[in-house]
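**Q** The residues making up each chain are set out below.
There are 2 protein chains.
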Amino acid sequence: MKIDGKPYRSIWPHADGRTVEIIDQTRLPHEFAVLRLATMVEAAHAIRVMQVRGAPLIGATAAYGVALAMREDPSDAGLARALDILGKTRPTAVNLRWALARVGACLGNLEAAGRAARAWAEAAAICDQDVAINRAIGEHGLGLIRDIAARKQGGRVNVLTHCNAGWLATVDWGTATAPIYLAHEAGIDVHVWVDETRPRVQGALTAWELGQHGVPHTFIADNAGGHLMQHGEVDIVITGTDRVTADGDVANKIGTYLKALAAHDNGVPFYVALPSPTIDWSVRDGLREIPIEERAAAEVETVTGRGVDGRLATVTVTPQGSTAANPAFDVTPARLVTGLITERGIARATPEGLGALFPESA
Amino acid sequence: MKIDGKPYRSIWPHADGRTVEIIDQTRLPHEFAVLRLATMVEAAHAIRVMQVRGAPLIGATAAYGVALAMREDPSDAGLARALDILGKTRPTAVNLRWALARVGACLGNLEAAGRAARAWAEAAAICDQDVAINRAIGEHGLGLIRDIAARKQGGRVNVLTHCNAGWLATVDWGTATAPIYLAHEAGIDVHVWVDETRPRVQGALTAWELGQHGVPHTFIADNAGGHLMQHGEVDIVITGTDRVTADGDVANKIGTYLKALAAHDNGVPFYVALPSPTIDWSVRDGLREIPIEERAAAEVETVTGRGVDGRLATVTVTPQGSTAANPAFDVTPARLVTGLITERGIARATPEGLGALFPESA
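Top line first, the protein sequences correspond to chains A and B.
According to the numbering used here, the first sequence is numbered sequentially starting from 1.
According to the numbering used here, the second sequence is numbered sequentially starting from 1001.
In isolation and in its complexed conformation, chain A is listed as follows (with noise of 0.2 Å):
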């Protein structure tokens, strides 16, 4: 999508074709800071630390990563020590698992000397998917909100959104917003509530790139999202999804669940939109199986923004002497889910609406 009127993807290859550049997430939205990855430890520092974010993003940083290191080592023991450091960023993320697995097994009958430039190749073709997968998703999404659109008889679509699960956490279009960045294209009124999504305020991600884009949009706290759809002010509630499982279930972000609870309590239906990647066929209860990443106490403790002199600054919001806890993802049970919003179409959140569309895998 566009950044002050230019367009850009979230990683693309230096022209110099032995390196990657990404934008520094950490310092978004105010800072925008181009990152060029050079090696392995680069590129697994860069998911570690979220320069990177966002399930699609991280699993193509990851195929990238990969490619790097076949150019430092592509031997049999390079690529084993490659999937496992990359694999070992961020437990929760199954694309980073699903991008590992696609290139390994790329790379495994290959001779050493030509796997860094089938792993390049197959990098690149990981994010020309993406985009596609996104766009499809957007496509799906968009008649969910033409239809509310239809109903207000040209009214504004109130969107709820959590976290970013927007083109900055996929390669481009991002998930959620894919639906609502070709709403807006298609001349719909669309206005997004953008939940702040503390501790890491991933909210300032979105409300960036809506901004950039030039969709309108209020940031809110995470607190107000079931006041708001009480009275009427959320017609839908999109998310993305870090891992949904065969029966429907959503890991994500946390806070995501109590947004479901409200919207299930007010009526507003609550949709999930996921590249099919991201289905993890291997687990059925999400509350029980998915363990959820407890990410830094500092990231609770504290907060990043724009100081007065507009550089990044970071206050500590807790008192000297005590501790946070900081789960980072939760789990919402399928029963809340109205529906799962893939690049082949809607399914309901249920093993049979998941098997229909996806029959090969479940």
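Please keep in mind that the hints were generated in silico from the structure rather than gathered at the bench.
Don't be surprised by glycine CBs; every beta carbon is placed ideally from N, CA and C.
Check the hints yourself; a few may be wrong.
Claimed, not checked - Restraint ranges, calculated between C-beta atoms of paired labels, are given here:
| id | chain 1 | residue 1 | chain 2 | residue 2 | range |
| --- | --- | --- | --- | --- | --- |
| 1 | B | 1036 | A | 7 | 53 to 61 Å |
| 2 | B | 1147 | A | 21 | 58 to 66 Å |
| 3 | B | 1320 | A | 125 | 31 to 39 Å |
| 4 | B | 1296 | A | 214 | 24 to 32 Å |
| 5 | B | 1296 | A | 125 | 43 to 51 Å |
| 6 | B | 1048 | A | 214 | 32 to 40 Å |
| 7 | A | 308 | B | 1036 | 25 to 33 Å |
| 8 | B | 1320 | A | 88 | 32 to 40 Å |
| 9 | B | 1002 | A | 38 | 50 to 58 Å |
| 10 | B | 1041 | A | 32 | 44 to 52 Å |
| 11 | A | 143 | B | 1352 | 42 to 50 Å |
| 12 | A | 32 | B | 1186 | 49 to 57 Å |
| 13 | A | 88 | B | 1309 | 34 to 42 Å |
What the hints assert, rightly or not - Among chain A residues calculated to face chain B with C-beta under 10 Å, some are:
| id | residue |
| --- | --- |
| 14 | 198 |
| 15 | 204 |
| 16 | 205 |
| 17 | 225 |
| 18 | 231 |
| 19 | 254 |
| 20 | 261 |
| 21 | 262 |
| 22 | 283 |
| 23 | 287 |
| 24 | 299 |
| 25 | 307 |
| 26 | 323 |
| 27 | 329 |
As the list claims (entries may be wrong) - Chain B stretches covered by chain A per the calculated footprint, using a threshold of three residues with CB under 8 Å from any CB of chain A:
| id | region |
| --- | --- |
| 28 | 1194-1207 |
| 29 | 1219-1229 |
| 30 | 1303-1315 |
| 31 | 1327-1334 |
| 32 | 1341-1351 |
Once you have looked at the hints, place chain B on chain A.
**A** Then chain B, alone, in the frame of chain A:
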């Protein structure tokens, strides 16, 4: 309760007999500073900018505000002006109007010359009564915590609370915290999950006062409570409230409704602690009838905390060009409330439940 080992109230008359002192809660928990209020305008300012906050403390401060006004202008016009200015400082809090009505009724039939002393005495009486009420709330709520501790055979009792309904929000003890302080003093192993409570991060006040008094606690993002309840980490939710309707609907800090939904979904008891002046017998349907204060967008767009130099600093989290909305309260429907802990006992959140405890008002 104690600060650094020394007992405090949240508002107290200065030894000069003409001014009143408060703790500047806009600087807590990072700086501890006492402010002296010498005029009604200063008292109104303290309420408006939330140097004092919490329904009972707002009422007590407004009462002292009338006393300060009567020293300046004890005429009927002066009294009317004070009641008007103080009454408009915060639209949601019913205690504010209750305290002003009580002091106003005392003074109406008095000669101007006697009003200042009478108002001063009445404000002091309101404070003492608040302390007694909160202590009684604590005794009733303690029974709930004792029962959980017994069921867990001495295992840790985990309480979740939202916003600050602690002693800082009252004159002493707090409402939601009174049962916690009494349980702690009774030797029960009680631990508190403290919601951050964006936008104004009143959870930091709760963490501070619990820490100063030695109560184990953990600070969490507002998004985390539902996940903790899904995993059995919360035994009881206790919040305060700014207004309860005759039907038992609860207006409280934005986000309370989301925690009530999560408690309901997970079979966790959800209690609201309140002094009976918080009950607005004139209102039944909280969702339709209670006006919700929309506060400044800047509260959402910024976060204040300790900077790296240890001094108060403010950062902006939203990107330039994005705007925010800031509904400050929400309404939790009575159907989600397990019980209302009052100074007279625990009522069901129904007209019958409240009427049985307060037959003279219902």
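**Q** Work down the list of hints and note, for each, if the structure agrees.
**A** Structure-based check of all given hints:
no., hint, verdict
1, 1036/B with 7/A: 53 to 61 Å, "59 Å, holds"
2, 1147/B with 21/A: 58 to 66 Å, "60 Å, holds"
3, 1320/B with 125/A: 31 to 39 Å, "37 Å, holds"
4, 1296/B with 214/A: 24 to 32 Å, "26 Å, holds"
5, 1296/B with 125/A: 43 to 51 Å, "49 Å, holds"
6, 1048/B with 214/A: 32 to 40 Å, "37 Å, holds"
7, 308/A with 1036/B: 25 to 33 Å, "29 Å, holds"
8, 1320/B with 88/A: 32 to 40 Å, "37 Å, holds"
9, 1002/B with 38/A: 50 to 58 Å, "56 Å, holds"
10, 1041/B with 32/A: 44 to 52 Å, "46 Å, holds"
11, 143/A with 1352/B: 42 to 50 Å, "48 Å, holds"
12, 32/A with 1186/B: 49 to 57 Å, "56 Å, holds"
13, 88/A with 1309/B: 34 to 42 Å, "36 Å, holds"
14, 198, "4 Å, holds"
15, 204, "5 Å, holds"
16, 205, "9 Å, holds"
17, 225, "7 Å, holds"
18, 231, "8 Å, holds"
19, 254, "4 Å, holds"
20, 261, "4 Å, holds"
21, 262, "6 Å, holds"
22, 283, "16 Å, violated"
23, 287, "6 Å, holds"
24, 299, "9 Å, holds"
25, 307, "6 Å, holds"
26, 323, "6 Å, holds"
27, 329, "8 Å, holds"
28, 1194-1207, "holds (count 8)"
29, 1219-1229, "holds (count 10)"
30, 1303-1315, "holds (count 9)"
31, 1327-1334, "holds (count 4)"
32, 1341-1351, "violated (count 0)"
Of the hints listed earlier, those the structure fails to meet are numbers 22, 32, in rising order.
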